[in-house]
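**Q** With chain R held as given, fit chain U onto it using these hints.
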Amino acid sequence: MKLGGVSRVLLIEDDPAVREGLELALTRHGHRVHAVESGEQGLDRLRTELPDVVVLDLMLPGMDGFEVCRRIRAAREVPIIILTARGDDIDVVAGLEVGADDYVVKPVQPRVLEARIRAVLRRIGRDQAEMERYGDLTIDRAGLVVANRGVPVALTPTELRLLLELSGTPGRVHSRQQLLESVWEHGYFGDSRLVDACVQRLRAKIEDDSAAPVYVQTVRGFGYRFGPV
Amino acid sequence: MNRPVAPRPSLGLRARLMFAFALLCVITTAAVAGGIYVQARVAILQRTQDAAVQAMRSRLQALYPLRDPAPDAAELGRIAGAVAEGDDDALALYHGTRSPAGPGRPCLPFGRPCRPRLDPEVIPEALRREVAGGHIAWQRVVWLDGPHLIIGTPLLIVDPDRTARASGIEVYLAQSLAPEQRSIDGLAASAWLTGGAALAFAVVLALLATRGVLGPVRELGRAARLLGEGEMRARIAVRGSDELADVARTFNDTAAELERHVRQLREMEADARRFVADVSHELRTPLAALTAVADVLDEEAAGLPEPAGRAARLVSQETLNLTGLVNDLIEISRFDSGVAALALNEVDVAELVRATLRTRGWPERVGTELPSAVRARLDPRRVDVILANLVGNALRHGEPPVSIRLRADPRWITLEVRDHGPGLDEAVLPRVFDRFYKASAARARSEGSGLGLAIARENARLHRGDLTVANAPDGGAVFTLRLPSRAPDQDGGAE
Chain R
8 MKLGGVSRVL LIEDDPAVRE GLELALTRHG HRVHAVESGE QGLDRLRTEL PDVVVLDLML
68 PGMDGFEVCR RIRAAREVPI IILTARGDDI DVVAGLEVGA DDYVVKPVQP RVLEARIRAV
128 LRRIGRDQAE MERYGDLTID RAGLVVANRG VPVALTPTEL RLLLELSGTP GRVHSRQQLL
188 ESVWEHGYFG DSRLVDACVQ RLRAKIEDDS AAPVYVQTVR GFGYRFGPV
Chain U
173 MNRPVAPRPS LGLRARLMFA FALLCVITTA AVAGGIYVQA RVAILQRTQD AAVQAMRSRL
233 QALYPLRDPA PDAAELGRIA GAVAEGDDDA LALYHGTRSP AGPGRPCLPF GRPCRPRLDP
293 EVIPEALRRE VAGGHIAWQR VVWLDGPHLI IGTPLLIVDP DRTARASGIE VYLAQSLAPE
353 QRSIDGLAAS AWLTGGAALA FAVVLALLAT RGVLGPVREL GRAARLLGEG EMRARIAVRG
413 SDELADVART FNDTAAELER HVRQLREMEA DARRFVADVS HELRTPLAAL TAVADVLDEE
473 AAGLPEPAGR AARLVSQETL NLTGLVNDLI EISRFDSGVA ALALNEVDVA ELVRATLRTR
533 GWPERVGTEL PSAVRARLDP RRVDVILANL VGNALRHGEP PVSIRLRADP RWITLEVRDH
593 GPGLDEAVLP RVFDRFYKAS AARARSEGSG LGLAIARENA RLHRGDLTVA NAPDGGAVFT
653 LRLPSRAPDQ DGGAE
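Protein sequence lines correspond, in order, to chains R and U. The letter at position 156 of the first sequence is residue 163 when you use the working numbering, and the numbering goes up by one with no holes. The letter at position 294 of the second sequence is residue 466 when you use the working numbering, and the numbering goes up by one with no holes.
Since the hints were made in silico from the structure, they are not lab data. Check the hints yourself; a few may be wrong.
To be verified - With beta-carbon atoms standing in for the labels, derived distance ranges:
(1) R:Q48 x U:D470: 28 to 34 Å
(2) U:P656 x R:F229: 16 to 22 Å
(3) U:V487 x R:Q48: 30 to 36 Å
(4) U:N493 x R:T34: 24 to 30 Å
(5) U:E439 x R:R129: 48 to 54 Å
(6) U:D581 x R:A24: 50 to 56 Å
Unchecked claim - To give a feel for the contact side, a few chain U residues facing chain R, derived at Cβ under 7 Å:
(7) L459
(8) V468
(9) D470
(10) P552
Claimed, not checked - Partial list, derived from the structure: chain U residues whose beta carbon lies under 8 Å from chain R:
(11) R312
(12) T457
(13) T463
(14) A464
(15) V465
(16) D467
(17) A515
(18) D556
Every residue, glycine too, gets a C-beta built ideally from N, C-alpha and C.
Isolated chain R (complex conformation):
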C-alpha cells in the first residue's frame, strides 16, 4: 500500500480503447499500471505479483468479472474496485456481495477513479493504543490485527477500516452517510449499499452468527454501531 509513492494497479478490462485510455490516465497520475484483457490473465498475474489495487471490469468475455472477483477474494485481501455499466444496479449489488470494496460507473472520469484508488489505498493510521478486547474479539490498533478467540481474522483494508471506525467509539451510532465519508471518502451522496455490503462481509468474518450480530449492530433507520458487547 503506497501513498504518494508508486502504487501498482492491476487493470482487467477487455475493451482495448478503454484499457489503453485508463492505462494512459492512471499512469499519468503516477501509478504503475499492468493492464490485461481477461480474467484468466488477471488471475495468472496475481499469482506472480500482488498489486496494491485491482480495477476490474465486470463485463468480461470468458470468465466474468464476478467470478474473477470471487476468486481473487478467496485468496487475497487486495482492494478491488469494479467498473460497472451505468444503470446496472444488480451488477453493483452482486459485485459488492462477492467482495468488491468500491465501484465506479463507466464512462468514468480518471480523476474519479483516481480518488477511489487513493481512498482504498490510504494508509490506516496506527495508534499507540493498547490491545482492545470486546468479548472474544481483540483489535490490535497498533499491529492492525484482528483476532476472534485468538485466531487472526483476514480482513480487507476496507473491512478493517470500517471495523476500526466503528469500534473507535463503541456504542455510538454511525449513519451510512458518515461511514461513506470516513471509510470510503465518498461525499454525502455515496451509495449506502457499499456500507451495507461491507458490513455483511465483516459480520461473516467476525460474528458467530451473522443473523444475530453482537459486534456490528444495525440501528434501524439510523445506521450502525459497535456493541455494546
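**A** Showing chain U alone in chain R's frame:
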C-alpha cells in the same frame, strides 16, 4: 381525466318503458271496461224504468173510472194505495190536497219510522211541471239512503164525448233503485278489478321487456367504460341476432380494432425507447475510452501550440457533455423500462439539502429555510439529482435571490425552489418537464442535456411524489417537490 359522474342511464329508460306500458294498459282498460260499464248501466236503468212505468200504468188502469173528479184526502190516499206496491211509496196530489202520509216503514229493531213517506218537496220541480202539463214523466233522484226512480203521471178524465182532459190529480210513485245500484256497483267493481289485474300484468311485461333490453345495454355501457379506462380486452357476449346483438358485435369489432392499434402504437413506442437505450449503451464503451483520455488532453492543452490546444480543450469539454447526455439517456431509459429502483435511507432532509448545495459550491448563492429535525425515508442520491437540477436551473435562468424552503407535515415533505426572475411563460409551464423541451430555441445547447427536468420528475414519481411548477404571484418560477415522508418500499431498498 376528470369525468363527471353520469346518472345511471338505465333508470331513465326503464322508467320510460314502464310508464309507456302502464299508460297503454290504463287507457285500454279504461276504454273497454268504461264503455261496457256505461252501456250496461244505461241498459239496466232503461229496463227498470220501462218496467216500472209499465207497471204503474197498468195499476192506474184499475182506478178508472174515477169516482170523484175532485177527491178529498181520503180518496187521494186510496188512489195512492192502489198505485203503491211492495216497498214503493206513492203520493197522490190534487191541487193543494195530498194523500195522507202513512206511518212510514218501521226500521227494525227500534220501530221508529226511519224513512218518511214520499213528500211533495222530494219531487223535483221539473218533474212536477212535466206532469202538470199532462204527460207521464220520470226522474232519478237521490232521496234518503239511495237512488230512487220517481214516476209521475196525471190522471185523465175521459168525457162522454171521448175527449180526455186532465183531472188535476197527479200520482207519484217512488221506486227504490237499490238492487239496480248494487248490480251496477258490482259491474264497476269487476271493471276496476280487471283493470288492476291488467295493469299488474302490464308492469310485469314491461319489467321483462326492459330487462331484455336494458341488460345488454348496461353490459355495453360497462364494457365501454372499461375500454375507456384502458382495459383493451373488454368485450361483451353476443346473444341472439336482434339489433342489440348487432350493436354488441359492432362494439366487439371496434374494440378489437382499437386494441390492435393501441398495441401497435405501444410496440412502436417500446421499440423507439429500446432503440434509444441500445444506442446509449453502445455509445458507452467508446465514450469510456474518450473520457479516460479527455483529462489527459485537457491537462496537456496548455502546452500545445494554438489551434491544437483549443481543439484539445474543445474535444475534452464536448466529451464531458456527451457523457452527460448519454448518462441522462440511459437514466431515462431505466425509468421507461421500469428498472429504476429506490435505495431508501432514513435521512435528515435539511442536512441532505445542505449537502447538495455544499457539494456544488452553492451555499452562498442560495437562501434556505430549513427547519431542523425533519427526517424522511427517501433515496438521497435521487433527491440530490432533483434538487441539483432545480437549483442549477434557477441559478442559470432565473434571477437571484434563489431560495429553498422546506416544509413538512406528518405524511409529506415539500421542498420549494424559487427564483425572482420574470417567471416562465404560461405557454411553457405545462411543457417544462417534456424531454428535450427548450423554452426558447435560442437557448444555448451547452446548458444541459434537455433531460434534466424530465429526470427530476421521474425521480419524484419514483418516490410516489410529484414535481410541479408554477409562477409566484410576485414573480419568479416556483418548483415544488412533494415527497411522501416515508416512500413506499420496493424490493430491496436499504433498510
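**Q** Compare the structure with the hints numbered earlier in the document and write down the numbers of the violated ones, lowest to highest.
**A** Violated hints (numbers, rising): 9 and 11; every other hint is consistent with the structure.
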